[in-house]
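**Q** As given, the protein sequences belong to chains L and G, one line each in that order. This note's numbering applies: residue 189 is where the first sequence begins, and numbers increase by one. This note's numbering applies: residue 51 is where the second sequence begins, and numbers increase by one.
Note that these hints are calculated values from the structure, not bench results.
Quick list of simulated restraints, FRET-style, between CB atoms:
id : chain 1 : residue 1 : chain 2 : residue 2 : range
1  : L       : Arg-497   : G       : Arg-216   : 21 to 31 angstroms
2  : G       : Val-205   : L       : Pro-394   : 35 to 45 angstroms
3  : L       : Arg-503   : G       : Ala-210   : 13 to 23 angstroms
Stretches of chain L that chain G covers, calculated by requiring three or more beta carbons in the stretch to come under 8 angstroms of a beta carbon on chain G:
id : region
4  : 300-314
5  : 319-325
6  : 330-342
Selected chain G positions facing chain L (in silico; Cβ < 8 angstroms):
id : residue
7  : Pro-98
8  : Phe-99
9  : Ile-105
10 : Ile-106
11 : Gly-110
For every residue, glycine included, the Cβ atom is placed at its ideal position computed from N, Cα and C.
Each chain, letter by letter, is given below.
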Amino acid sequence: MTPLLVAQIVLTLFVFVMLLNSAAVMVYVERKVAALLQQRMGPYLVGPKGLLQPLADIVKLMFKEELRPKAADWFLFALAPIISATCAFAAFSVVPFGADTTIFGWVPEGLRLQVADVNVAILVVFAIASMSVYGIVLAGWSSNSKYSLLGGLRSSAQMISYELSYGLALASVLVVANSLSLTDIVNRQAGAWWHVLPRWFVFVQPLGFFIYMTAGIAETNRAPFDFPEAEQELVAGYHTEYSSMSFAMFFLAEYVNMVTVSAVATDLFLGGWHGPFLPESLGWIWFLLKVAAILFFYVWMRWTLPRYRYDQLMRFGWKVLLPLAVVNLIVTAAGVLYFGA
Amino acid sequence: MIAFYLFGAIAIAASLLVIAQRNPIYSVLLLIASFGALSGLYVLLDAPFVAVIQIIVYAGAIMVLFLFVVMLLNAPHEETEHDERVHPLLRRGPMRFGGVLAVALLLELVWALTKRGGESGAFPSAAVSSVRDIGRTLFADYAFPFEVTSILILVAMVGAVVLAQREVPR
Numbered sequence: 189m190t191p192l193l194v195a196q197i198v199l200t201l202f203v204f205v206m207l208l209n210s211a212a213v214m215v216y217v218e219r220k221v222a223a224l225l226q227q228r229m230g231p232y233l234v235g236p237k238g239l240l241q242p243l244a245d246i247v248k249l250m251f252k253e254e255l256r257p258k259a260a261d262w263f264l265f266a267l268a269p270i271i272s273a274t275c276a277f278a279a280f281s282v283v284p285f286g287a288d289t290t291i292f293g294w295v296p297e298g299l300r301l302q303v304a305d306v307n308v309a310i311l312v313v314f315a316i317a318s319m320s321v322y323g324i325v326l327a328g329w330s331s332n333s334k335y336s337l338l339g340g341l342r343s344s345a346q347m348i349s350y351e352l353s354y355g356l357a358l359a360s361v362l363v364v365a366n367s368l369s370l371t372d373i374v375n376r377q378a379g380a381w382w383h384v385l386p387r388w389f390v391f392v393q394p395l396g397f398f399i400y401m402t403a404g405i406a407e408t409n410r411a412p413f414d415f416p417e418a419e420q421e422l423v424a425g426y427h428t429e430y431s432s433m434s435f436a437m438f439f440l441a442e443y444v445n446m447v448t449v450s451a452v453a454t455d456l457f458l459g460g461w462h463g464p465f466l467p468e469s470l471g472w473i474w475f476l477l478k479v480a481a482i483l484f485f486y487v488w489m490r491w492t493l494p495r496y497r498y499d500q501l502m503r504f505g506w507k508v509l510l511p512l513a514v515v516n517l518i519v520t521a522a523g524v525l526y527f528g529a
Numbered sequence: 051m052i053a054f055y056l057f058g059a060i061a062i063a064a065s066l067l068v069i070a071q072r073n074p075i076y077s078v079l080l081l082i083a084s085f086g087a088l089s090g091l092y093v094l095l096d097a098p099f100v101a102v103i104q105i106i107v108y109a110g111a112i113m114v115l116f117l118f119v120v121m122l123l124n125a126p127h128e129e130t131e132h133d134e135r136v137h138p139l140l141r142r143g144p145m146r147f148g149g150v151l152a153v154a155l156l157l158e159l160v161w162a163l164t165k166r167g168g169e170s171g172a173f174p175s176a177a178v179s180s181v182r183d184i185g186r187t188l189f190a191d192y193a194f195p196f197e198v199t200s201i202l203i204l205v206a207m208v209g210a211v212v213l214a215q216r217e218v219p220r
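Next up, chain G with everything else stripped away, as it sits in the complex (with noise of 0.2 angstroms):
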């Protein structure tokens, strides 16, 4: 219990800091952390394959890239057109966005509690912590969108390579 309100934490807080930072290279080291408390919270469910996943996939491969496209692109502060000393957070326009986003947020998060009754019987335990469970399901119940997602990445690698390539050679 203890371990759960300090990964919490963690998570919480590393996120409220990534959009509070200037620094872009401080914002993916934030994330990171925040992923590495999200898995210590998938440890604590029992279901430590999730949790490795989620450090392999997305703190290690996906951050990795934006560690590097943020190093490439070198921007080492948020260009802003605004009074420097007023916090980017508390100018007009981010500040109204934000409310509305907020507001969104909290009538999804009422709609979904109150709907499910707060208690979500979705998973069974054993369908998560076991490797050869989550194979069976992803590949024998959960096929047409598994194979559905595959191809849209492969849409969106082609369409990412297209982009790149500046001339087509003849």
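Extracted from the complex, chain L is given alone in its bound form (with noise of 0.2 angstroms):
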């Protein structure tokens, strides 16, 4: 075992508790900002300032009891929260997160901050993306409950909607960048244009960046898009009928691709790990707070704006964001053929 190979084994490793983790901040962070968006206290009373509430919630999850409807197909329904939860946390394994490290000498060979280096990286995330609509789709049927059928209707049509402009939107970054690597990506946004605003893709394609976000919270299914758990309409959607821990993965899922988009839109079009101030070697510090942003934006969101219709989100995923996204995908390739990379 080089140390090489064995600091790849514990990233990873690492990585997958941090994704843990960040569901369990997550949950915290969504009950504080809503209370703070609402004028309420929040959870306060487990823990200093109420920070060991999701420690609280796991454990609450993992005693209830793991109910099973009787016409339920039972293969499928056990299978579905396992598909969500598997496909969150495998698109974060192409992703990376900081610039090679040797980890104080230790690792002479650099070890690269990404679990899986893949040359179609950006690519790799897009088709996970589009296999996690099934977690979802099966919970519905499988529970055999109209509620849960019609949530897992509703997410397909809108995952299958907003695919394509989210699709449409990355392309356009690798217009831009001309690599399908997430690290290349990164690595040309280094650096500052006059030596004030940062080379970042956001400058260049902001429009890229709204349909990217847009898309991404209605994949993410997410306030104001949250309709196949729309709870005034179809009491909780998809996973009605789950309680215990196979409810408890469909939220960790949820929250883990919530970080996934967050990252990725990081790495596209935020610059990654580059940003003033810090040595190349502490860029994961840059990384981490403009992931926080982004995620503090989605909770944001969701305080902040009431669900659409259905009508409302099918129109304008069809009739306002993919003509967008098509339209800036041409200036685009348009505007690199005429000026140049």
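Join the two chains into one complex using the hints; note that each chain is given alone, in its own frame.
**A** Have a look at this one:
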């Protein structure tokens, strides 16, 4: 076992554990920010400032009874949350989150802060995102409940509609960066224009960033696009019949998906780990700060905007977002052709 | 090599189970599993781009629509007018039809393998692994078939819209 191999195994486990933790932290942040926006206290009883609340929630979920509807398809009912959680974790595996490091000279070859270095990384993220719809659809179908089925159908229609805009927003970044590897895309964004404005793709592709974030929120089924689990209409949508840890897995998948979408947005549009004041080896701090900012934006959106109507969602997706994304891609391609990359 | 046999075995087993299943939802899921295994084989062939496209296009887009339709039709079991105790594949009609298909497939396989001499040298490995080369080949050497295919798909789309539209709005 070379130091590089050991370091990579440790890194993989570390990313896995940190993603699990990020879900717990996001639950706490979500409740605290919601309380802040609604002038409430939020959780404050368990631990100092309610910091141990996620731990209490996890313990509560673990000891709840695992219920299964009598008419459910037991195999798919058990499989659906596993698909959701697996896809959520798998998507993060190709996301780089820092420059190469030697860990104080212990790994002479240099360890890349990324679980798997794939040269088509961005497409892998897209492929896994398109697979994660199965978890929700199957959960809706196998529960054998009308609310679940409607939630599952809505989710598949929504994800298919917004995947197109999502993919086209990714494609316009690819055209600018001239690469499919996320590491290359981040490295193209190093430095600054006129020593002031960082060379982030969000300044080249503002419309692309808007489309990416809108479609990303729709892909992760978050408010204002949380139709698969619209409480007032569908009880809890696709996970109505789930309880205990299988419910927790859907919950976990939702938060991990949010983290992945934010991390990919950071890599694609916000310059990844590049930033002023810090040396390259501490770039991951910049990365974390940017991801945290986008996640805060996510939570902020949820507690600010009301849910759209379903037909509004579909009309917006097909008649506004998709044409915008196509025009953006064509203009970007023409610009790259005219000015050079 | 172990990975090749593993993915190959999964692909073949899943494909066989697709036709052996009575529940169409399971058939769809097994077909997805088969596509996943095929994409694993592409990775082993050093063509990650093709592997990912296989997942995005087939497993991610087309099969979602399949699943959607099957769920909306809500047909949990095949409609059978024959004896329920006999497996549907073991009845006379399907067996004759399947037999003809199997013989045809066998002949085709034998013909294809003997013609190429078992080794196909059509694609140099670099052409399949690099996205840039695939794009160049597709839009330069094969531009005409590519455009014809897109017109074919457009015609199919228009046809689907026309068929789905119940009455012409005035």
